[in-house]
Amino acid sequence: MRLAEALRVALQAVVANRLRAALTTLGVIIGVLAVVLLVAIGQGARQEITGAIEGLGSNLLIVVPGDVDFSQAPPRSDFRLADVDRVGRAIGDPGRVSAQVASGDNVRAGGASVFTTLFGITETYPEVVTRELDRGQLFSISDVVTARRVAVLGAKVAAELFPDTDPLGKTVTIGGLRFRVVGVLASVGASLFGPDRDEQVLVPITAAQRLLGTQRVDAMFVKARSTDTIPDEAERVREALSRFEEDEFSILTQEEIIGVVGDILQLLTFVLAAIAGISLLVGGVGVSNIMLVSVSERTREIGLRKALGARTRDITLQFLLEAVVLTGSGGLIGLAAGIGLARLVDAFAPVPAVITGWSVALALGVSIGVGVFFGVWPARRAGKLDPVVALRHE
Amino acid sequence: MTPVHDDVTPPVPAVRPPIIEARDVHKRYGGGLAPDVHALRGVTFSVDHGEHLAIVGPSGSGKSTLLNLLGALDRPTEGVVRFEGEDVRSLDGDQLAELRNRRIGFVFQSFQLLPRTTALDNVALPLVYRSLGRRERTARARQALEAVGLADRLDHRPTELSGGQQQRVAIARALVTEPDVLLADEPTGNLDTVTGSEVMGLLERLNRERQVALLVITHDEEVASRARRRIELRDGRIVTDQPVGAP
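If you read the protein sequences in the order shown, they are chains B and D.
Letter by letter, the first sequence follows residues 3 to 396 in the numbering used here.
Letter by letter, the second sequence follows residues 32 to 278 in the numbering used here.
Simulated from the structure, these hints should not be mistaken for lab results.
C-beta: ideal position from N, C-alpha, C; glycine also.
Among these hints, one or two may not hold up.
What the hints assert, rightly or not - Here are a few chain B residues that face chain D, going by a calculated C-beta distance under 8 Å:
hint : residue
1    : 4
2    : 7
3    : 18
4    : 20
5    : 173
6    : 177
7    : 308
8    : 309
9    : 310
10   : 312
11   : 389
12   : 390
Chain B extracted, bound-state conformation (with noise of 0.2 Å):
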């Protein structure tokens, strides 16, 4: 028999039984459907934290205190501000150094209050991590050394704050001291995870040192000359830092970030898919269930055309057809939801959601897969069927 033969055939028999083709190919499709749009979500995910890991800018060398691991919390810090000297003077440059020291806290102005992520930084710190401001402008270096008491506001914490006057030149107060605005950030837009980059609030790190009662520095980040030069500049950071044991701070890299959050998510997409494809699978043994019923019921079919020439062969390929016609219909169908999903979800959830080949090829190709396996066992038996027993069942 031909295979155009073959599945014309197959065709016929799903359209004759048009209801139970349908509810039988919903298990698929609504597998289909899960698979593709918990990947889409999941690579959603994936490509927006490393955009916003990205968004700090390239060539990033990030120093942190302690032996770093992504299972852990960060230990308690270790750094002075000495150490940001040293690394400056290491590196040759003090102007792609910068560090930070952070902290949450409310800050009010007026009868406003709004709780922020306050960041004291040094003055090099909007060129290092990229950040641009909208008015006004940055402390100095002066500012720094002071420790004046001078802010910059993230956009949505000036917005909340100052709705209808200019913010540069007011005062905020924080943690009870009182500061004065001498500018504004540049928005970055909402980000899904994380701590929102819109609502921090920048201040000397002197100035915020003494706020929190504190001599330590959280983090300081290096601005490498570019991306050949990171290995070596990182080895220079390491020598400044002679001071501490090997495993008492740690330099990462952007990369080296983006590669460890990218795997956990590319994991956690694959583990999505998994428990979707679980669905499927539950579809699959539908289809197995509804063939079997097509064989019995068509048992004498089965006869009548071995009778008439159809070999073992024929009759297996007939019924494969008509099991991969299912899973491979529903999985087209469940495709075309799942996009149109995943669309919906992007365009009017707090969640991105990214359609990739691959899923759309593992979604079709597994749909298909889903049909020969489940299809193959009922199709055997119906080409194994002795014609002379198959003709005579009632």
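Fit chain D to the supplied structure of chain B, relying on the hints for placement.
Okay, now just chain D, sitting in the frame of chain B:
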């Protein structure tokens, strides 16, 4: 005028082996814990080209078992069944399927037409397994339906046809492969007397005109009496095998 012989060698009359030859055929069913059923106990006979032969016998006499063997649907437990000299024991399942497709046309008591399928497609069905193109299948099926007088019913489905018409579609389907033998199993069993007689008339005409052997299995003596040869089975053995009308 002297006749001119172009042929150097005179035509040798081909001695064609019988279409079907059964020699000392036994068939047993069951085994294991159940007692064996010895359905056929040494049946020997043959069917020649163009013959019209009836096999009769009460139920349980082994008619159906014999039909399965003559239709190459099954193999004997002992003995030999040959189709044009070819022993079925040497053929595997797929080769038997091809043999059925090429040499045998089945006509069943219950017609065995595919539902929701037009007469034309029902008749073309055996040709699907010859990998013929759709155009040729349709052309041949149309011819076969014309031969059984159903040229105006090509696109009707079985439910839209009378019993006699359905059986004629089934006969067209048996005919479309140009087989050597038509195996008719109680072809009039589901039809009234008049329609049954018409269907038998059609089968006999095809037998005469196309030299296709006609083997009818029946317990209807009237149907059997229309054949030229009659074999009677009883308890898995042939009890009589003689021309009809012989003393």
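Status of the hints after comparison with the structure:
The interface hint given for residue 4 of chain B is met, as the beta carbon of that residue sits about 5 Å from the closest beta carbon of chain D, less than 8 Å. For residue 7 of chain B, the interface hint holds, the least distance from its beta-carbon to any beta-carbon of chain D being 6 Å, beneath 8 Å. Proximity of residue 18 of chain B to chain D holds as hinted, the smallest CB-CB distance being about 6 Å (cut-off 8 Å). Checking residue 20 of chain B against chain D by beta carbon gives a least distance of about 12 Å; that is not within 8 Å, so the hint is violated.
With a cut of 8 Å, the hint placing residue 173 of chain B at the interface with chain D is violated, because the nearest CB-to-CB distance is about 85 Å. Hint on residue 177 of chain B is violated. Least Cβ distance to chain D is approximately 82 Å, over the 8 Å limit. Satisfaction of the interface hint for residue 308 of chain B is found here, the shortest Cβ-Cβ separation to chain D being roughly 6 Å, below the 8 Å cut-off. Annotation: residue 309 of chain B was flagged as interfacial toward chain D, and the flag holds, the nearest CB pair being 5 Å apart, inside 8 Å.
Interface hint status for residue 310 of chain B: upheld, as the beta-carbon distance to the closest one in chain D is roughly 4 Å, under 8 Å. With a least beta-carbon distance of about 5 Å to chain D, the hint placing residue 312 of chain B at the interface is held under the 8 Å criterion. Residue-level restraint check for residue 389 of chain B holds (minimum Cβ-Cβ distance to chain D is 5 Å; threshold 8 Å). Evaluation of the residue 390 of chain B hint against chain D yields a held restraint, the C-beta minimum of about 5 Å falling below 8 Å.
The structure does not agree with the numbered hints 4, 5, 6 stated previously, though it agrees with the rest.
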